[in-house]
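Novice: Chain U is already provided as a structure; the job is to place chain E on it using the hints.
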Amino acid sequence: MDLLYTPSQTQFREEVRAWLGAHVPAHKLQSFDTPEGFEQHRQWEKTLAAGNWGMVTWPKEFGGRACDLIEWLIFEEEYYRAGAPLRVNQNGIFLLGPTLMEYGTEAQKARFISAMASGEEIWAQAWSEPNAGSDMAAIRCRADREGNEFVINGQKIWSTRAVYADYAFGLFRTDPDSSRHHGLSFILVPLDAPGVTVRPIDQLNGLPGFAEIFFDNVRVSDFNLLGGEGEGWNIAMATAGFERGLMLRSPARFQQASKRLVELYRQRRNDILDLSIEDSVVRCYMDAEAYALSTYQTASRLVAGGKIGAESSCNKIFWSELDIRIHETALSLLGARAEVEPDGEMDTSDLGAWLDGFLFAQSGPIYAGTNEIQRNIIAERMLGMPRK
Amino acid sequence: MDFTFTEDQLAFRDSIRSVLEKEVTPASIRARWQSDHGEDSAALNMLNELGVMALLVPEAQGGLGMDWVDFILLAETCGYAALPETVVDDAMVATGMLTDLVSLGQHVDQVSALLASMATGAKRVGCAHIINPYSNFAHRKDWMLLSNGNDVHLVPRSDLTLSAVNSVDKSRRLQKIDWTPSRRTRVADGEIGAGLQRAALNRGALGTAAQLLGLAQAMIRQSVDYTSTREQFGRAIGTNQAVKHLLADCAVSVEFAGPAVYRAAYTVSVAPQRADWAVSHAKAAAGAAAELCARNAIQSHGAMGYTWECDLQIWAKRAWALSKEWGDGGFHKNRIHEWLLQPNALLGPEFTFGKRYIEIAESAAA
Numbered sequence: 001m002d003l004l005y006t007p008s009q010t011q012f013r014e015e016v017r018a019w020l021g022a023h024v025p026a027h028k029l030q031s032f033d034t035p036e037g038f039e040q041h042r043q044w045e046k047t048l049a050a051g052n053w054g055m056v057t058w059p060k061e062f063g064g065r066a067c068d069l070i071e072w073l074i075f076e077e078e079y080y081r082a083g084a085p086l087r088v089n090q091n092g093i094f095l096l097g098p099t100l101m102e103y104g105t106e107a108q109k110a111r112f113i114s115a116m117a118s119g120e121e122i123w124a125q126a127w128s129e130p131n132a133g134s135d136m137a138a139i140r141c142r143a144d145r146e147g148n149e150f151v152i153n154g155q156k157i158w159s160t161r162a163v164y165a166d167y168a169f170g171l172f173r174t175d176p177d178s179s180r181h182h183g184l185s186f187i188l189v190p191l192d193a194p195g196v197t198v199r200p201i202d203q204l205n206g207l208p209g210f211a212e213i214f215f216d217n218v219r220v221s222d223f224n225l226l227g228g229e230g231e232g233w234n235i236a237m238a239t240a241g242f243e244r245g246l247m248l249r250s251p252a253r254f255q256q257a258s259k260r261l262v263e264l265y266r267q268r269r270n271d272i273l274d275l276s277i278e279d280s281v282v283r284c285y286m287d288a289e290a291y292a293l294s295t296y297q298t299a300s301r302l303v304a305g306g307k308i309g310a311e312s313s314c315n316k317i318f319w320s321e322l323d324i325r326i327h328e329t330a331l332s333l334l335g336a337r338a339e340v341e342p343d344g345e346m347d348t349s350d351l352g353a354w355l356d357g358f359l360f361a362q363s364g365p366i367y368a369g370t371n372e373i374q375r376n377i378i379a380e381r382m383l384g385m386p387r388k
Numbered sequence: 001m002d003f004t005f006t007e008d009q010l011a012f013r014d015s016i017r018s019v020l021e022k023e024v025t026p027a028s029i030r031a032r033w034q035s036d037h038g039e040d041s042a043a044l045n046m047l048n049e050l051g052v053m054a055l056l057v058p059e060a061q062g063g064l065g066m067d068w069v070d071f072i073l074l075a076e077t078c079g080y081a082a083l084p085e086t087v088v089d090d091a092m093v094a095t096g097m098l099t100d101l102v103s104l105g106q107h108v109d110q111v112s113a114l115l116a117s118m119a120t121g122a123k124r125v126g127c128a129h130i131i132n133p134y135s136n137f138a139h140r141k142d143w144m145l146l147s148n149g150n151d152v153h154l155v156p157r158s159d160l161t162l163s164a165v166n167s168v169d170k171s172r173r174l175q176k177i178d179w180t181p182s183r184r185t186r187v188a189d190g191e192i193g194a195g196l197q198r199a200a201l202n203r204g205a206l207g208t209a210a211q212l213l214g215l216a217q218a219m220i221r222q223s224v225d226y227t228s229t230r231e232q233f234g235r236a237i238g239t240n241q242a243v244k245h246l247l248a249d250c251a252v253s254v255e256f257a258g259p260a261v262y263r264a265a266y267t268v269s270v271a272p273q274r275a276d277w278a279v280s281h282a283k284a285a286a287g288a289a290a291e292l293c294a295r296n297a298i299q300s301h302g303a304m305g306y307t308w309e310c311d312l313q314i315w316a317k318r319a320w321a322l323s324k325e326w327g328d329g330g331f332h333k334n335r336i337h338e339w340l341l342q343p344n345a346l347l348g349p350e351f352t353f354g355k356r357y358i359e360i361a362e363s364a365a366a
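Note that the protein sequences, when read in sequence, are chains U and E. Residue 168 in my numbering is what sits at position 168 of the first sequence, and the numbering runs on without skipping anything. Residue 178 in my numbering is what sits at position 178 of the second sequence, and the numbering runs on without skipping anything.
No lab work stands behind these hints: they were computed from the structure. Errors might be hidden in some of the hints.
Mimicking EDC-like on lysine to aspartate or glutamate, the simulated pairs with C-alpha atoms at most 16 Å apart in a straight line are [said to hold, decoys possible]:
no.: 1; chain 1: E; residue 1: Lys-170; chain 2: E; residue 2: Glu-49
no.: 2; chain 1: E; residue 1: Lys-123; chain 2: E; residue 2: Glu-49
no.: 3; chain 1: U; residue 1: Lys-109; chain 2: U; residue 2: Glu-120
no.: 4; chain 1: E; residue 1: Lys-176; chain 2: E; residue 2: Asp-159
no.: 5; chain 1: U; residue 1: Lys-388; chain 2: E; residue 2: Glu-231
no.: 6; chain 1: U; residue 1: Lys-388; chain 2: E; residue 2: Asp-225
So here's chain U without its partners, still in its complex pose (with noise of 0.2 Å):
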């Protein structure tokens, strides 16, 4: 155990901290839900991979520079304490492409890879049906095979970003015989395909951050089936297996977030009668300090050649509670005022923010798996409890 930075380390911090001084937008971007900020959004991808800084831990031919799990953690440290904008393409870039490497025909990385990189192409989801969520198996919307095209007709629903952006990968029927999880394939489909409709779902905040997706008869080519045609259950849990437990939400966001919770704290406290806000403060920053030093540890193992295990369903309950709990106490801080909606005349300060942090959070337990089916998961597969 040696928990101190090597100097290469260190080097490749301030490397990152002195790129990101100097590129990072002065003035804090719109909405990436909104058709201004999803451009600025797009802009601020391009800026990235022009310094190679896109996605740091990718091969070098494809934009990245090879970076092991610890220098990405660095570089998110950094990326967060520079308040960069979020990561509009963070469906492609931190699910798909990943799976894209390990799955994809060489024709398809070079197709795919270095747009999504280069901020051109922003990626969607489309997993989730009507009455397909948390049961991901039960999908229906269907793509039929004709030639060397598949023929798509169905409804996909809850699709992050899928308002604006280019592409959306998800899972497909593709044996109408088939149940379950057999006879699914992931295929890649452009959202300006003829038959597409998207239709935009404002989400809590009044953005439209997902949408629902119709298939009238789209025409996708072949080319765009990610793995074997029958084979996409299997790549789906890839997706959200490895990158998804580690590298989905970063420690270092929630680390800024319990830092200027103390801060506001130091601002605020001798105004607050709560008598639990201490407490809360304390544990926040205390938690965000345990979700590092968990990731810390696992990237250790995995440098080393260790595997990830069932262990890492914890986090996502563990950060989503913990985000959950630093907006509830900021604010609690705020008290009467915390109802300020942000860029309201009023917010001079970051008041708004947290509002708006607050009201993200509660996406949290449940997207990417409720935090309902995450602890079945802990249950059954790291504890080893009786499934029935």
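Specialist: For chain E alone, coordinates are given in the frame of chain U:
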């Protein structure tokens, strides 16, 4: 940056665990409850033969000169086994303080000799700290390290008046210690004495945090086993989501307390003067995890969990006692709170591992 244990450290943990699983059974623990002094001499001899008491003793005094990171998995394993004997406290706190005395040049001959006999198990030394009102198994120690204000005394048992106090955990044998400080027994005073006591508090809290982690894991294991076999409505009760989620919550709490305990062990080893916040995080998190596991484990066992017969009580009661020993959750969260309020506290991800990153950068620049 390498947040893993070595193969050797893990192998040592595994070998101690398999010995403890065989030798420290619920039956042998219950047998201790019936005995006068509360210890199992055979278990103590076995641990001495394995060199447990010698691990942290410096090589100059015949020990192995290992550090807290080497020892921490062993402390966790003692918790997992609910070992009643106080080897973790003695090895970490008493040995640590005696070692400090030698390196500070205080009473070197006497203390070195004592350390050498501790390493073989010939002599036993305990350490009482004012944060704990009673001292566990003080009646079984040859010497006790005691404090009086800043002064630290090394007192033979014959100079102490001990009165037994019953603990909810029958494996613990608490003693109230009455004694009269005298110059004859004083081994440190002033700033040195205060420093020794501060270090003792962190080492005691660290060792206890590791034991709490082990206790928590053991209670999860027992609950998984019980709910996988106990049937109601024609199937194992562990198939019910409500039961699964009770234990999943326990697993999450343990999963995120462990790394905090390991960071604290590292920090106590490399930067003891700055270990307060890391130790307090470890103790508060491990204590909370063990308390949650005790509660949910009893619930998972149903009425059985509320019986004297069920062995779960051995672990649950230890968790209740240790979560309060060496500073309860309030004490340790308050230390973190004070630290967070310091205007110059270094917060944020680049300081997860303390101030050392900055220092290394500075020395590299210089």
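Novice: All hints, please: hold or fail.
Specialist: Outcome of the hint check:
| no. | hint | verdict |
| --- | --- | --- |
| 1 | Lys-170/E x Glu-49/E | 26 Å, violated |
| 2 | Lys-123/E x Glu-49/E | 14 Å, holds |
| 3 | Lys-109/U x Glu-120/U | 15 Å, holds |
| 4 | Lys-176/E x Asp-159/E | 14 Å, holds |
| 5 | Lys-388/U x Glu-231/E | 12 Å, holds |
| 6 | Lys-388/U x Asp-225/E | 15 Å, holds |
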